[in-house]
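Asker: Listed here are the chains, written in short residue letters.
2 protein chains.
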Amino acid sequence: MKNSVRAQLAEELRKAPRVALFSHVSPDGDCLGSMLGLGLALEALGKEVYMFNPDPFPRNLLFLPGAGKVKSELPNPLPQCLIFVDCSDLQRVKLDAKDFPAESLVLNLDHHISNQNFGHINWVDSKASASGEMVYDLVKELQVELTPEIATNIYTAILTDTGSFKYSNTTSRTHRIVSELLETGINLADIHYYVYDQVPLAKLELLRRGLNQLKIYADGLLAVMTLRSNDFAESQAEESLSEGLIDHGRTIEGVEVAVLLKEVKADVIRVSLRSNRWFDVAKFAHSFGGGGHKRAAGCTLEVPLEEAEKIVIKAIEEELKLGRSS
Amino acid sequence: MKNSVRAQLAEELRKAPRVALFSHVSPDGDCLGSMLGLGLALEALGKEVYMFNPDPFPRNLLFLPGAGKVKSELPNPLPQCLIFVDCSDLQRVKLDAKDFPAESLVLNLDHHISNQNFGHINWVDSKASASGEMVYDLVKELQVELTPEIATNIYTAILTDTGSFKYSNTTSRTHRIVSELLETGINLADIHYYVYDQVPLAKLELLRRGLNQLKIYADGLLAVMTLRSNDFAESQAEESLSEGLIDHGRTIEGVEVAVLLKEVKADVIRVSLRSNRWFDVAKFAHSFGGGGHKRAAGCTLEVPLEEAEKIVIKAIEEELKLGRSS
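Quick mapping for you: the protein sequence lines, in order, are chains A and B. Sequential numbering of the first sequence, starting at 518, is according to the numbering used here. Sequential numbering of the second sequence, starting at 518, is according to the numbering used here.
Fair warning: there could be bad hints in the mix.
Note that identical chains are pooled: a pair holds if it fits in a single copy or bridges any two copies.
Unchecked claim - 25 Å max Cα-Cα, derived SDA-like pairs, lysine to any residue:
#, residue 1, residue 2
1, K586, Q633
2, K732, F574
3, K564, A783
4, K564, G737
5, K827, Q753
6, K611, N593
7, K800, P665
8, K644, L659
Hint data in this document are derived by calculation from the structure and do not stem from the laboratory.
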């Protein structure tokens with residue numbers, strides 16, 4: 518069944534002389550690598566291809582072959598055939614169904630289980646580690662040669678969405694696909710350098726400040742870091758640069774729960790929570806009006822930073838005392 | 518030819534009723550995972566198996582199936598059949614050829630290009646990303662079923678020696694092997710948690726101190742960190758915990774050369790050097806009596822820390838001015 522949806526989708530792409538590809542806001546390696554991998558494959562088939570993303574291209578992904586072809590404006594006139602890559606709904610593209618002519622054919626390729634099936638043809642495979650895995654299949658289906666340029670895009674898509682083959686979405690199939698991508702002779706050293714080895718100094722400055730504020734509680738089970746508004750201002754760092762900081766707390770030997778409290782403005786504290794093995798941070802965040810998953814969640818408290826810190830530490834310590842069996 | 522050496526080695530193992538396996542000092546994921554993977558396979562063939570390592574087992578690898586079977590004492594009497602795994606020479610095992618009875622059969626399985634071919638049968642494949650890849654082939658050759666226990670050991674061997682499939686030793690074949698290992702249903706989340714997510718607090722304390730001392734020179738091309746003896750003492754950290762710290766300097770956006778100066782004792786400064794794209798740190802280290810590779814090298818200066826810092830910065834700045842074309 519899944520294969521027949523893929524075949525239908527490939528058939529529509531084969532028929533279309535012009536195709537527009539769309540990827541989501543706050544673009545990441547998977548949406549851009551998947552869109553570019555597919556876009557280059559469609560160009561190889563002689564089509565007029567337009568690639569769209571509403572946001573600026575992340576600097577560390579500018580090396581992706583074809584990156585310069587991605588535009589933040591819609592082509593005019595819009596092709597009849599539109600394909601959305603890695604987008605769970607149309608809001609993810611900052612677009613509305615009414616932006617498209619009635620005769621548009623909307624194709625939807627995605628691996629998010631939350632996908633809204635907004636297309637005329639919806640190929641959604643939540644078992645794929647990345648949309649890049651699906652693009653690999655589609656390129657094969659379209660019988661386009663896997664060039665190093667296409668392979669570099671698909672490899673980066675899979676690499677970034679699996680956390681370098683670390684997350685539990687990584688499967689035997691993921692590695693088998695990557696094995697074939699590497700056969701095209703792509704340059705691993707370059708890809709890893711561009712993707713991971715270009716850390717803004719401001720991000721390191723946030724890490725330095727976070728570590729200087731690190732405190733351990735509950736006999737080593739709880740690690741807490743805080744960042745004040747002035748930490749962001751003085752580091753010249755946007756909030757997004759604090760991404761990943763909490764993992765330095767989570768990965769301390771013996772720690773079960775890690776917390777990062779960020780003062781986004783006076784008396785507004787964004788609380789990020791992570792756990793390793795058993796503590797349900799989603800349940801915890803929910804009790805403070807937030808949400809998330811068992812191992813990664815968050816909430817916002819509208820109190821001064823010191824107070825937020827006390828409230829969160831006290832509540833987690835109590836929960837930790839109840840222990841794993843609770 | 519290579520395959521016939523592997524077949525010979527497998528044949529000797531098949532014939533032996535008792536086998537001793539050896540792995541190297543300062544054990545890592547590859548030598549232990551490879552030894553354990555092969556050891557468990559030989560046990561499955563009904564052999565009496567002894568596994569030896571001269572040093573304490575790293576805490577983050579104690580989860581490896583069979584870890585408890587590895588001893589730091591030689592079996593008595595020693596089996597006739599001895600196999601060295603991931604050891605480039607016998608000094609790597611703190612042993613001497615005269616420790617073995619004359620009738621011993623010495624088998625040598627390794628992927629280091631520097632291997633001394635000290636065995637009666639030497640299977641050395643420098644194209645393998647890890648000895649773990651070779652053990653995978655050997656287990657297949659021995660026709661032993663790939664259990665999750667064996668697969669977990671081999672996976673960890675490959676994972677750690679490729680830096681999570683990041684280093685340029687990673688090949689298409691590496692991923693194909695890993696794809697098969699994952700088919701046994703090994704628990705990726707557990708493996709990654711144990712291997713990478715158990716950072717001693719003392720290591721983070723060293724990172725904190727290193728970042729507090731971070732300085733940038735040469736218009737952003739050079740990042741320098743220093744650690745004094747008291748930083749190690751006050752962090753209760755052994756020198757080995759500073760491993761990886763220099764990468765925080767190397768991966769800053771725009772940096773070409775990163776330096777870490779460690780005061781191992783008064784007026785003895787160990788200098789670690791890394792580069793990203795073109796600077797030859799081996800040549801540089803060599804001019805100070807050290808050595809290494811183009812992208813990773815080191816030397817020791819016997820002067821006070823401040824002086825070592827000045828000398829190194831001045832020399833690198835001059836070399837950087839000459840630029841990439843030099």
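Asker: Run every hint past the structure and note whether it holds.
Answerer: Each hint, compared with the structure:
For the identical chains of this complex, K586 and Q633 are neighbours neither inside a copy (28 Å) nor across copies (52 Å), given an alpha-carbon limit of 25 Å. For the identical chains of this complex, K732 and F574 are neighbours neither inside a copy (36 Å) nor across copies (29 Å), given an alpha-carbon limit of 25 Å. In the homo-oligomer, the alpha carbons of K564 and A783 never lie at most 25 Å apart, since the shortest distance is 53 Å inside one protomer and 68 Å across protomers. Within a single copy, K564 and G737 get their C-alpha atoms no closer than 59 Å, and across copies no closer than 44 Å, so neither meets the 25 Å cut-off.
With identical chains, the CA atoms of K827 and Q753 are never at most 25 Å apart, being 28 Å at best within one copy and 29 Å at best between copies. Within a single copy, K611 and N593 get their C-alpha atoms as close as 17 Å, which meets the 25 Å cut-off; across copies the closest is 72 Å, which misses it. Proximity of K800 and P665 under a CA criterion of 25 Å is satisfied in neither setting, with 45 Å inside one chain copy and 33 Å between copies. In this assembly of identical chains, K644 and L659 lie within 25 Å of each other by CA distance solely inside one copy; the values are 21 Å within and 34 Å between copies.
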